[in-house]
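Protein chains: 2
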Amino acid sequence: LPEHNHCICRRLTACMEHIMPFLIKFLMGPILLVSQGTRDYNPKQMAIREKVFNTIVSCFKRHGAETIDTPVFELKETLTGKYGEDSKLIYDLKDQGGELLSLRYDLTVPFARFLAMNKISNIKRYHIAKVYRRDNPAMTRGRYREFYQCDFDIAGHYDPMIPDAECLRIVSEILGELDLGDFHIKVNDRRILDGMFAVCGVPDDKFRTICSTVDKLDKMCWEDVKNEMVKEKGLSEEAADMIGQYVSMQGGMDLAVRLLEDPKMSQSKQACAGLSDMKQLFSYLELFQVTDKVVFDLSLARGLDYYTGVIYEAMLGPAGAEESLSVGSVAGGGRYDGLVGMFDPKGRAVPCVGVSIGVERIFSILEQKAEAEKVRTTEVQVLVASAQKNLLEERLRLVTELWNAGIKAESMFKKNPKLLSQLQHCEESGIPLVAILGEQELKNGMVKLRTVATREEVRDSCVCVCVCNSLIAIKSRQC
Amino acid sequence: LPEHNHCICRRLTACMEHIMPFLIKFLMGPILLVSQGTRDYNPKQMAIREKVFNTIVSCFKRHGAETIDTPVFELKETLTGKYGEDSKLIYDLKDQGGELLSLRYDLTVPFARFLAMNKISNIKRYHIAKVYRRDNPAMTRGRYREFYQCDFDIAGHYDPMIPDAECLRIVSEILGELDLGDFHIKVNDRRILDGMFAVCGVPDDKFRTICSTVDKLDKMCWEDVKNEMVKEKGLSEEAADMIGQYVSMQGGMDLAVRLLEDPKMSQSKQACAGLSDMKQLFSYLELFQVTDKVVFDLSLARGLDYYTGVIYEAMLGPAGAEESLSVGSVAGGGRYDGLVGMFDPKGRAVPCVGVSIGVERIFSILEQKAEAEKVRTTEVQVLVASAQKNLLEERLRLVTELWNAGIKAESMFKKNPKLLSQLQHCEESGIPLVAILGEQELKNGMVKLRTVATREEVRDSCVCVCVCNSLIAIKSRQC
Numbered sequence: 043l044p045e046h047n048h049c050i051c052r053r054l055t056a057c058m059e060h061i062m063p064f065l066i067k068f069l070m071g072p073i074l075l076v077s078q079g080t081r082d083y084n085p086k087q088m089a090i091r092e093k094v095f096n097t098i099v100s101c102f103k104r105h106g107a108e109t110i111d112t113p114v115f116e117l118k119e120t121l122t123g124k125y126g127e128d129s130k131l132i133y134d135l136k137d138q139g140g141e142l143l144s145l146r147y148d149l150t151v152p153f154a155r156f157l158a159m160n161k162i163s164n165i166k167r168y169h170i171a172k173v174y175r176r177d178n179p180a181m182t183r184g185r186y187r188e189f190y191q192c193d194f195d196i197a198g199h200y201d202p203m204i205p206d207a208e209c210l211r212i213v214s215e216i217l218g219e220l221d222l223g224d225f226h227i228k229v230n231d232r233r234i235l236d237g238m239f240a241v242c243g244v245p246d247d248k249f250r251t252i253c254s255t256v257d258k259l260d261k262m263c264w265e266d267v268k269n270e271m272v273k274e275k276g277l278s279e280e281a282a283d284m285i286g287q288y289v290s291m292q293g294g295m296d297l298a299v300r301l302l303e304d305p306k307m308s309q310s311k312q313a314c315a316g317l318s319d320m321k322q323l324f325s326y327l328e329l330f331q332v333t334d335k336v337v338f339d340l341s342l343a344r345g346l347d348y349y350t351g352v353i354y355e356a357m358l359g360p361a362g363a364e365e366s367l368s369v370g371s372v373a374g375g376g377r378y379d380g381l382v383g384m385f386d387p388k389g390r391a392v393p394c395v396g397v398s399i400g401v402e403r404i405f406s407i408l409e410q411k412a413e414a415e416k417v418r419t420t421e422v423q424v425l426v427a428s429a430q431k432n433l434l435e436e437r438l439r440l441v442t443e444l445w446n447a448g449i450k451a452e453s454m455f456k457k458n459p460k461l462l463s464q465l466q467h468c469e470e471s472g473i474p475l476v477a478i479l480g481e482q483e484l485k486n487g488m489v490k491l492r493t494v495a496t497r498e499e500v501r502d503s504c505v506c507v508c509v510c511n512s513l514i515a516i517k518s519r520q521c
Numbered sequence: 043l044p045e046h047n048h049c050i051c052r053r054l055t056a057c058m059e060h061i062m063p064f065l066i067k068f069l070m071g072p073i074l075l076v077s078q079g080t081r082d083y084n085p086k087q088m089a090i091r092e093k094v095f096n097t098i099v100s101c102f103k104r105h106g107a108e109t110i111d112t113p114v115f116e117l118k119e120t121l122t123g124k125y126g127e128d129s130k131l132i133y134d135l136k137d138q139g140g141e142l143l144s145l146r147y148d149l150t151v152p153f154a155r156f157l158a159m160n161k162i163s164n165i166k167r168y169h170i171a172k173v174y175r176r177d178n179p180a181m182t183r184g185r186y187r188e189f190y191q192c193d194f195d196i197a198g199h200y201d202p203m204i205p206d207a208e209c210l211r212i213v214s215e216i217l218g219e220l221d222l223g224d225f226h227i228k229v230n231d232r233r234i235l236d237g238m239f240a241v242c243g244v245p246d247d248k249f250r251t252i253c254s255t256v257d258k259l260d261k262m263c264w265e266d267v268k269n270e271m272v273k274e275k276g277l278s279e280e281a282a283d284m285i286g287q288y289v290s291m292q293g294g295m296d297l298a299v300r301l302l303e304d305p306k307m308s309q310s311k312q313a314c315a316g317l318s319d320m321k322q323l324f325s326y327l328e329l330f331q332v333t334d335k336v337v338f339d340l341s342l343a344r345g346l347d348y349y350t351g352v353i354y355e356a357m358l359g360p361a362g363a364e365e366s367l368s369v370g371s372v373a374g375g376g377r378y379d380g381l382v383g384m385f386d387p388k389g390r391a392v393p394c395v396g397v398s399i400g401v402e403r404i405f406s407i408l409e410q411k412a413e414a415e416k417v418r419t420t421e422v423q424v425l426v427a428s429a430q431k432n433l434l435e436e437r438l439r440l441v442t443e444l445w446n447a448g449i450k451a452e453s454m455f456k457k458n459p460k461l462l463s464q465l466q467h468c469e470e471s472g473i474p475l476v477a478i479l480g481e482q483e484l485k486n487g488m489v490k491l492r493t494v495a496t497r498e499e500v501r502d503s504c505v506c507v508c509v510c511n512s513l514i515a516i517k518s519r520q521c
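Line by line, the protein sequences give chains A and B.
All residue numbers in the first sequence are consecutive under my numbering, ending with 521.
All residue numbers in the second sequence are consecutive under my numbering, ending with 521.
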C-alpha cells in the first residue's frame, strides 16, 4: 500500500509538472510584469518624488544653475573607455541598422560630450534624469537598474576650491532641507591618495588597484582590507601598515596642516598640492558655514577613474557612526579636470567639479517614513457635488466656472452620484472643500460651500470668491 | 592636354578619397555627436520646455489628476501586437542575457499594463515622459526619434461622454494658455466611421485599410484618396463616391442630429450609437464652454488600432484653414475601452479615454518665436560683487547670508574679478540686482544694492530685507 501511495504521488507530480505552466498562464494570464530591477511609481510615490525634486531644484536654482537635457541613449563609442571595469554594466541597444547605441550610464559623460560638442568653456548646470546599469541590485536598499541622478556641476577655469566648496555647501543645504536626520560629508583628494601611496612605497602601477581596495573600507574592516592588499595584490606588509596609519586619520583643516608637516607626506609634491588645496577648501567651507558637516577623511577613495582632485561622499548619521547601520552614501562627487578634453577635437581641457545626489535612496527612506501616513496625490481644492438627482448640468456649469477662475476643481463623472459617496471621495483624497448644489440654493442663485474637516457651511452667490476665502481660512488655521 | 587634365583630376579624386576619412578624423577628432533623430536641450530650450510643462501640469492638476511613472523599457512581449504595422519602429535592447526588452513606444500601453498589474479600476492620471520610435523623422517639423509625450487619461466605468468632454476641455485650456494663436479640435467616432463604411458598402475586411486611406485626407486631396481606394485597394467607384460625400461633412451637434436622420446612416446600429453619443458630447462641451473650438469632422480617422469610440485631434489655425500651412496635429487622443483587458488575467475591461499633447511641435514653434528674444536661463536675483580687490571672503560671507535667507544669489568664482565684468554678467544673464561691496561700506557695516536696469542705488545694513524690497519694487514696476 505505501508503494501504491508513492506511485500515485509520483504520477500526480508528473501530472502537475505538465499542468503547471498552463495553470500559471491561466492564473496569471497575459504579461503583467515590469523588467527586473525597474519599477513603476504609483501616485503616492510620485508625490514624494515631486517633493524631493522640488527641494533639490530650488537649491540648484538658488545657486544660479541652468539646466540641460541629453538623449537617453548615446553613440556606443561615446561611452566606451570611460567607466573602466564597470563598462560591462552598460545596456546596449540591438543593432537594428544604423548607429550602435547604448543607454547612458551616468550624466557626467554626456555632460562632458555636450560641453565639447558645443564648445562651452564655462557653465553651472544641473541635470535630473534617469540612468541605466545592468547591475544585480539590492532593491530593498533602494538600488535599481533604472534610477534617477540629480547632478550639479560647475565647469570653467576658476580660482581653486571656490566652486568645489559651493558643491559641498549645496549637498549640505539639500540634505538639511530634506529632513533626513543627521548627516556628514567625507572629503579627500585624489592627489593626497596618490601621494600617500607613493610615500608608503606602493609601486606606480598598483595605485589604482590599491585605491579600489581602500575604497572598500566602508564595507570591510581594516584587517580584511590589509589582507587583500598583501595577499591578493602583493603589497608589502610594511607599506600596507603605513597606509593603515594614514587611512585611519580624520579631521578638518587642522589635519591638513598637520599632514603638510608630516615628514613622509611632505615629500610628495602631489600630496602637498592636495593638502594645501584642502586647507583652502576648509577656509571657504567656514565662510559657507558648513564645516560642522564636513570631515577630511583619508580613507575615502571613490571608484570612478575620472576624478583628478577633491572627492567627497555624504552619508546619513553623525560622523563616526557605525557605517554598517547607515544606508550608505546619499551623495557623491568630485573634481574631474580631464574628461571634457577626451571629447574635444583639440584636447582642450575644461576643468569641472560636480556632485550627484543619490535620490533613489532618499526616496526609499521617505517612502518608508510615509508608509503609515496619508499623502495627498492630487491638489483638488473643491469638489462640486449635488444633494439631489438630475443636477449634472448644473454641476458641470459650476465646475467650468471654477476652472475659468483657475481653481482646482472636479465633479464626479456619474449623472446621479449619491451625496455620501461624493463626501467620502473628499475624505479619501483630502479635498478640503465641497460645493453642494441643491434645488433650494439654485432657486435663490446661491451655492452652499462646506469645509470638509469642520463641516462648517456658508452660502454665497459667488462661489469663486467664497472658495478663495475658505482656502485662506483653512490655511491660516493650519499655521 | 584636356586628357592629361582629366587624368590629373581622376588621380586627385582617388587621392582625396583615400585621404578624406583621415582628414575628417583629424579635423573632427573624437566623437562629438548625438545619435540620429535625437537632440540635446540647451539651457534656453530647457527654459522654454519648463514653461510649457508648467502650463500643462497646472492644467492637469486643476482637473484633479494624479501622476505616475513607468520604466523607459518594458518587456518586449508587453509591446508586441499593440501597434500594428508600426511595431517595426520599436527600439529593442540587445540581448545581454536575461529578459528581452524594448524602449516604450508610447505611454498608453505602459499605462494599461500598470492598471492591469495593480488591479486599478479607476484613476485620472497624467504622465509626462519620453517615448522612442525608430522613424525617419522630419526634424525641422519638430519630430524626433526620442520625444516627449504629455498624456492625460481617465480610466473607469462612468456615464457616457462626461470624461470624454473633459479631455476636450483640457486640450482647449492648454492650447489657449500656451498662446499659440488660433486652433481647432476635430472630433469623430470610430463607430461612426465603421457604420459609414458599412452603409457605403465597404466589405468588413477592408474597414481598417480604407480607414487608413481616409486618414490621409489631411495630407492628400480627395482625388488622390479616392484613387488609392479604388485603384490600390479595389473599392468600387460608387462606394468611394459615397464615402467622399460623407467625409466632406463638418459641423457641430446639428450635423449629428442630421446624420441620425440620414436614410443610410440611420441603418447602421453602430453609427447611431456613435452619433447619439456625439450629440451628448456636444451638450457637455456647451456646458464646458468649448463648442467654438470643436468641429465634428467625418474625415478624421486616426491611425492607431486601439481606439473604440470618440477620437479627436487638435490643429493650430482656424477651422477650415489650408491644412498644408499648419504644423499638423498638436494634440490627439480618443477612447480605448479594450486595451486594459488585453493585459488583465481575466480579460476584465477598464474603459479609458485620454489625450496626448504633442509638445515637441509646440517646443519647435515656441523656440522659433524665441529665437530673437532674450530668455533667462537662471533665476538668480542678486549678484554679490566687489568694487575693490581682496574682498573674496566678504563676498562669500554675504552670499551665504543670502542663501540662508532663501534668496537666489551668486558671486563670481574669481578672487579678484573686475567690477565691469561682474556688471556685464548681470546684464547678460538678466540678474536684476547687484550687491556691491566696498571698503567704505564694510567699515560702516553697510552694503550697496544697485538695481541693474535703472542704476538706482540704496545702502542698507540688512541686505536680505533690502533685496526683498527691491525685488517687489521691480516687479510692481513691470506690472
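Mixed in with the good hints, there may be bad ones.
Claimed, not checked - Quick look at which bits of chain A chain B covers, simulated, 3 or more residues with Cβ under 8 Å:
id: 1; region: 96 to 105
id: 2; region: 133 to 143
id: 3; region: 194 to 206
id: 4; region: 442 to 448
Hints were generated in silico from the structure; no laboratory data involved.
These figures come from a predicted structure and were not determined experimentally.
We put the beta carbon where it would ideally sit given N, CA and C, even for glycine.
Status of the hints after comparison with the structure:
1. Figure legend: the region 96 to 105 of chain A, annotated as covered by chain B; annotation consistent (3 residues with Cβ-Cβ distances under 8 Å, at least 3 required).
2. With 9 residues having a Cβ less than 8 Å from any Cβ of chain B, the region 133 to 143 of chain A passes the three-residue criterion, so the hint holds.
3. Given as covered by chain B, the region 194 to 206 of chain A passes the check, having 6 residues with a CB less than 8 Å from a CB of that chain where 3 are the minimum.
4. Given a C-beta distance limit of less than 8 Å, the hint that chain B covers the region 442 to 448 of chain A holds, as 4 residues qualify and 3 suffice.
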